[in-house]
Amino acid sequence: MSELVIEASKLSRNFGDLKAIQELDLEVEKGRIYGFLGPNGCGKTTAIRLLTGLLKPSAGEVQVLGFNLPRDAEKLRLHIGYMTQRFSLYDDLTVKENLQFVARIYGLVGRQQNSRIDELLNTNGLIPQKDQMTGSMSGGQRQRLGLSAATLHKPELLFLDEPTSAVDPENRREFWEQLFDLSDQGTSILVSTHYMDEAERCHKLAILEEGIKRADGSPEELMQDMGAHVVEIGSTNLRQLKQELLKLSDVISAAQLGARLRVLINNSIADPLAFLTQQKSISAEANISVVRPSLEDVFVTCTGEGRQ
Amino acid sequence: MNALLRIYAIFSKELTQLKRDRMTFGMVVMIPLIQLMLFGYAINTNVRHIPVGVVDQSKTGLSRVLIQTISATQVVKFTEHYINVQQAETAIASAEVRAVLVIPKDVSQRLVRHQSVGLGSPPSSDEETSRPVAQWVVDGSDTTIAAAIKSLRNMPLAELLSKPVNRTTPTFEVTLLYNPEQRTAVNIVPGLVAIILTMTMIMFTSAAIVRERERGNLEMLITTPVRSIELMLGKIIPYMFIGALQVVIILGLGNLVFNVPVNGGLWQLAGSTSLFITASLTLGLVISTIAKNQLQSTQMTIFVLLPSILLSGFVFPYEGMPEAAQYIAETLPATHFVRLIRGVVLRDVEMIDMAFDVYWLAIFTLAGLAVASLRFKKNLD
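Here the protein sequences line up with chains A and B, keeping their order.
If you read the first sequence in the numbering used here, its first letter stands for residue 1, the second for the next number, and so on.
If you read the second sequence in the numbering used here, its first letter stands for residue 1001, the second for the next number, and so on.
Please keep in mind that the hints were generated in silico from the structure rather than gathered at the bench.
Among the hints, erroneous ones may be present.
To be verified - Derived CB-CB ranges, DEER-like:
#, chain 1, residue 1, chain 2, residue 2, range
1, B, F1025, A, H79, 34 to 40 Å
2, B, S1274, A, Q185, 45 to 51 Å
3, B, K1292, A, K10, 28 to 34 Å
4, A, D25, B, L1004, 53 to 59 Å
Backbone N, C-alpha and C define an ideal beta-carbon position, used for all residues, glycine too.
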């Protein structure tokens, strides 16, 4: 087993009566990209704040890069980078001024500072914007600036809180290329997202719902170990069919994808095809086939949240 | 070393932001300029040309001369004539005039027997001499106006009869130091330095931390190695220069326009103002760590500003306030600075001679900085 950068056991945090995080166990290996997948309000941001020492846990233990939190939070800050969900640099400073500010905060001066900033502008494609006011930049440009600022001091561990929520798909692809580059250089990354395709890129991920970790593992493992069959039905009258199928207790969920209906059926049914052909609601001409599960299916299965 | 660099990082960032914020930058210059002109001219305790009326029951040449003599003092200006006292009192109630002079029918007899005129030989009886020439009916609610009219009580009347003035020797001789011409501006302008600095310095810094929180910058800042005290110092240093600039504007313009002298030494002036500037800035920072948003920080600024204007001795003398109000005044940095700056600018005292105020401002600054740094927590709990 390789070195762990984050080790948390029974980590909990309450806000009054609200249990934001409940008994979270977490192990993140060095040099990997670890994902938090979950809907909005599931505790992703709270979990990241607990792991960066911004919030004190109500219970549980957490060690990040060998530092005991919350006691050593201040020491940890030199070694981690954190990109917040909301853009948190200064709108009324230019790209370069923002980076200079962060560089000074981390004690980087003179030629070292200039070369590091140039390097970051280059790798993040921000050279044309370097004298532009940050407030007037696009979502993708701001996000690249955010990443530059968070990685300026070459942190060992990078926290990214929904980094791509305001970014178009093309920029997202490029952003993930950057993350893999960083990961390749030995940076460990923890990223939270609510996009399935993004979660699929992670080495490992944890699915969170209402502050509870429902499942974790690599995307492949999660898809393999999923407790359900995935069947697609090509037929007519899908809206009505969906309602009929959802009445069956072994059907976990049913979601329409264009002209097909994607149905998740509990593993307790040995032969899902036979099970479905027995149903009267399905016409004889219907085209039924078992398909490979996706991460969305995993997510739906373990959060028990039927997509209506 | 790194600590200094981090302070510098915050400092230069604040300065750049300030340079871009035209509105704030304009206020830095316009607030002292406009307030100085406004207060320099508007606040005047030497009341003149109070609109008054007259009820002339004698209608003689003498009563007309009496009215002219009073007008010549420029304290009052006769604008209305009333037939009787009832009508005059209605006019006072409706604020048409602030006071009314009632001249009785027998004004000439009264004048002749009046002590200051000194006619009537053999000397008239006490009862007769004690009768005043005429009566003022005044709207006494405004004490300043009332005092101005009361000051007319003993005006010399001898010139009415083209007789040399029967001079009386005053009980006391009064020597007026520092402001012999009794110009209000001499007292107002140095005090204005205290009020404008209180207003702008607290206003700018009280928004400082709150703004970062509102714009989401704070979440980033607290994940960096910046310490609270470094953040606080980096935030207030740029404003110290701004405060100094404002002091130069106020005292420079006060000297040019209102002819207010700057008698104290430059170092004494620099020392006392920078003490007050840092005290106000740290007070602003404390507000900033308490307020949840910029509206709250503005409200708290006004909460401090009002007593600073009214209780600091800027307009009303400290000595005239009841003891409880004096205690409140003593806690305000503005009170101590109003004393200091008037001392330095007008009376050329050294800071060492006003050690109490100097120490008080210094202790206030250190305590404020400590409270602000302690209150500002680097976490989101």
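*Taking the beta carbons of B:F1025 and A:H79, is their distance inside 34 to 40 Å?*
Cβ of B:F1025 to Cβ of A:H79: about 39 Å, so the range 34 to 40 Å holds.
*asked:* Tell me if the beta carbons of A:D25 and B:L1004 are separated by a distance inside 53 to 59 Å.
replied: Given a distance of about 43 Å, which is not inside 53 to 59 Å, the answer is violated.
*Given the range 45 to 51 Å, decide if the beta-carbon distance of B:S1274 to A:Q185 lies inside it.*
49 Å, holds
*Does the Cβ-Cβ separation between B:K1292 and A:K10 fall within 28 to 34 Å?*
33 Å, holds
Hint violations for this structure: number 4 only, all remaining hints satisfied.
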